[in-house]
Amino acid sequence: MEDWSRSDYCGEITKEQEGTEITLMGWVQRRRDHGGVIFTDLRDRFGLVQVVFSPEVNEDTFELADELRKEYVIAVKGKVKARPEAMINEELATGEVEVYASELKILAEAETPPFMIDDEIKTSEELRLKHRYLDLRRNPMQDNIKLRHNVKQAVREYLDDNRFLEVETPMLTKSTPEGARDFLVPSRVNKGKFYALPQSPQLFKQLLMVSGMDRYFQITRCFRDEDLRADRQPEFTQIDIEMSFMNQEDILDMIEGMIEEVFAAADIEEKLDFPQMSYEEAMKRYGTDRPDTRFDMELIDLSEIVADSDFNVFSGTVADGGQVKGINAKGCADFSRGDIDKLTDFVADYGAKGLAWIKVTEDGVESQIAKFLADEEIDAIIDKMSAEAGDLLLFVADNPKVVAASLGNLRLKLGEELDLIPEDEFDFLWVTDFPLLEWDEDEERYISLHHPFTMPKEEDIELLDEDPTAVKSQAYDLVLNGIEIGGGSIRIHDIDLQKKIFELLDMGADEVEEKFGFLLEAFKYGAPPHGGIAFGLDRLVMLLGNLNTIRDVIAFPKTQRATCLLTDAPSEVDEGQLGELALELEDLELD
RNA sequence: GGGGACGUGGUGUAGCUGGUUAACACGCCGGCCUGUCACGCCGGAGAUCGCGAGUUCGACUCUCGUCGUCCCCGCCA
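Here our numbering is used: position 412 in the first sequence is 412, and no number is missing along the way.
Just so you know, these hints were derived from the structure itself, not from any lab.
A couple of the hints might just be wrong.
Said to hold, decoys possible - Pairs of lysine to aspartate or glutamate, EDC-like flavour, derived with a Cα cap of 20 Å:
| hint | residue 1 | residue 2 |
| --- | --- | --- |
| 1 | Lys524 | Asp496 |
| 2 | Lys472 | Glu503 |
| 3 | Lys79 | Glu103 |
| 4 | Lys77 | Glu168 |
| 5 | Lys384 | Glu443 |
| 6 | Lys353 | Glu416 |
| 7 | Lys457 | Asp467 |
| 8 | Lys499 | Glu484 |
| 9 | Lys401 | Glu366 |
| 10 | Lys193 | Glu575 |
| 11 | Lys77 | Glu120 |
| 12 | Lys413 | Asp510 |
To be verified - Derived CB-CB ranges, DEER-like:
| hint | residue 1 | residue 2 | range |
| --- | --- | --- | --- |
| 13 | Thr123 | Met171 | 39 to 47 Å |
| 14 | Ala230 | Thr469 | 47 to 55 Å |
| 15 | Glu366 | Pro114 | 53 to 61 Å |
| 16 | Asp506 | Phe346 | 14 to 22 Å |
| 17 | Asp510 | Leu585 | 28 to 36 Å |
| 18 | Gly508 | Gly192 | 49 to 57 Å |
| 19 | Asp375 | Gly257 | 50 to 58 Å |
| 20 | Asp301 | Asp273 | 21 to 29 Å |
| 21 | Glu444 | Ile421 | 52 to 60 Å |
| 22 | Ala230 | Arg294 | 17 to 25 Å |
Every residue, glycine too, gets a C-beta built ideally from N, C-alpha and C.
Model the full structure from these sequences, guided by the hints.
Structural data, given as structure tokens:
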């Protein structure tokens, strides 16, 4: 090996190299032994090339090639030859050539892998994760990792061009209230005290603005100790950005430019459009703050029509301050009672106590609730929902939260099942004007919708005292195909306003001092107006790659139970390690 | 914390109204083959059916529990 140097990559051999001696190194994808001649496909990161072993070239090499098996790592010296016309493989990028091996070195033997290194995977994700290094050999996974790399490169280049500075912030930092549960790291030097892993670099990036960095970014890991989902991992990567002396529109413009570069880097040639919609409108029309705007089927408010109805479920709900809303499932009047029961079970997950329905047919309506509704009410509903014969109208009556969640998710489910969602489209939406605060029933206090450093809209600041939940904020989320990929805000840079917000959040002066004293202290020394945004890199790459889970764009992800099947983390530690940290375990029922 | 789906040779599946040798494909091993590229042909090995308990004369099959993976609610931007 010492005296061999790779001259080319397998996937990049061309006809122009005909006659040249080359040295290749890689993995044996496949061996086809024809007795008198052996063909192998040699694979590296850049593709495959056929290597031919023939006794006419070198008898010893030919015999050694008999030992080759799948995934053996080999080095080959040989001559590039153009294939005869009839033997060209159109399927292969290097299908016009083959390499006649004169010398072969087996660099590493390989056991038969637990699953084949094929593009089409036919095994469980469990096994893939356990042998992730093998899974990552597969083309689709290599493509995902490359895509992720390309996106990061595009981001860095764009931000660098716009004079941003990449700055690293601590991973061992301070636990803060609000937001997600922290991952804690015990301090050995300071026994009994803990660091927290960052949920985001939020406070540090604001401090960097006070430092006069003007424009900061970082592509960095963030940690949240909450339950996992297809698009949520305990550690994930943010593209974190902060800018000084920029208003909201300035920031959105800057980010749109970045997204355009990212799409170019992902080879997606689509003209991108970035419409904006207020939070209020999104909730009203789609029942969610991250609407998938690739299809219609919007939520229609029928509360006024049925407010005085004899149908108590509807009128009573409205009288109690609730809503009655519906969606029009076009052409679904042929749904069976069983189909609708399934939808009813589905909305029950979101708290809906029932799902009323009306089938619109050529001969009128068919419905379990028709007998309770006046004809003019039914007509008004049909009119408002633009219903035609063949449509199925579905209704939920409840408090606004339940109505939004149940119909919003029902809309998504039906959109998917009815194939209403254009797969290869990229629909962006800025959702703006979020409420600054919402009332938390359990904790009996206001909590920040975004985070406590979010700037209220200037014209709403005076409402902070009399009607805090009416205050809108200068916060914005970027939604792509119904998935939130980024969110940010203009921050508060005024010490008094920040204190006021902490007060509204029911944080005592002592707590504020202990948790955020350093930030308020910093603001005393001249803080510029600033704002920023953070993107979920994993989600962004997942969408660009048309994938269903961020696990597919993370080299070594965790399972839904937050374990790593490859390393078996997390694991127990020995008593000595605990002792050094002055920690003791409660008696757990371990067997 | 809750709801749901799945678990059978190395891999993917079939079998399951309870019954004697658990089937098929791919892979693997051996043999033959000088133009294949999902090579082909012949032969072979390989599973106590995730684990535990129960019901039964008898359990891959039924029941309960448990473990693991995935999806969802809660939680979390």
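Results of checking the hints against the structure:
1. About 10 Å separates the Cα atoms of lysine 524 and aspartate 496, which keeps this hinted pair within 20 Å; it holds.
2. For the given pair, lysine 472 sits about 17 Å from glutamate 503 by alpha-carbon distance, which is consistent with the 20 Å threshold.
3. Pair hint lysine 79 plus glutamate 103 holds up; C-alpha atoms about 10 Å apart against a cutoff of 20 Å.
4. Under the criterion of a C-alpha separation no larger than 20 Å, the hint pairing lysine 77 with glutamate 168 is inconsistent with the structure, at around 45 Å.
5. A hinted pair counts as satisfied when its Cα atoms are at most 20 Å apart, and lysine 384 with glutamate 443 does not qualify at roughly 39 Å.
6. Under the criterion of a C-alpha separation no larger than 20 Å, the hint pairing lysine 353 with glutamate 416 is inconsistent with the structure, at around 23 Å.
7. Proposed proximity of lysine 457 and aspartate 467 is supported: the alpha carbons are some 14 Å apart, at most 20 Å.
8. A distance of roughly 30 Å separates the Cα atoms of lysine 499 and glutamate 484; the hinted pair therefore is violated under the 20 Å criterion.
9. The suggested pairing of lysine 401 with glutamate 366 is violated, with an alpha-carbon distance near 28 Å, which exceeds 20 Å.
10. Between lysine 193 and glutamate 575 the alpha-carbon distance is near 19 Å, which keeps this suggested pair within the 20 Å criterion.
11. Of the supplied pair hints, the one linking lysine 77 and glutamate 120 is violated, its CA atoms being roughly 31 Å apart against a limit of 20 Å.
12. Using a Cα cut-off of 20 Å, the hinted pair lysine 413 and aspartate 510 is violated, with the two alpha carbons roughly 47 Å apart.
13. Between threonine 123 and methionine 171, the C-beta spacing of about 35 Å breaks the proposed range 39 to 47 Å.
14. Between alanine 230 and threonine 469 the CB atoms are about 32 Å apart, so this pair departs from the stated range of 47 to 55 Å.
15. Separation of glutamate 366 from proline 114 is about 55 Å and conforms to the stated range, judged on CB atoms against 53 to 61 Å.
16. Under the hint 14 to 22 Å, the C-beta atoms of aspartate 506 and phenylalanine 346, about 37 Å apart, miss the expected range.
17. At about 32 Å, the CB distance of aspartate 510 to leucine 585 agrees with the hint of 28 to 36 Å.
18. Separated by about 23 Å at the C-beta atoms, glycine 508 and glycine 192 break the suggested range of 49 to 57 Å.
19. At about 55 Å, the CB distance of aspartate 375 to glycine 257 agrees with the hint of 50 to 58 Å.
20. For the pair aspartate 301 and aspartate 273, the supplied restraint of 21 to 29 Å holds, since their beta-carbon distance comes to about 27 Å.
21. As the Cβ distance of glutamate 444 to isoleucine 421 is approximately 40 Å, the hint placing it in 52 to 60 Å is violated.
22. With their beta carbons about 19 Å apart, alanine 230 and arginine 294 fall inside the hinted range of 17 to 25 Å.
The earlier numbered hints that this structure contradicts are 4, 5, 6, 8, 9, 11, 12, 13, 14, 16, 18, 21.
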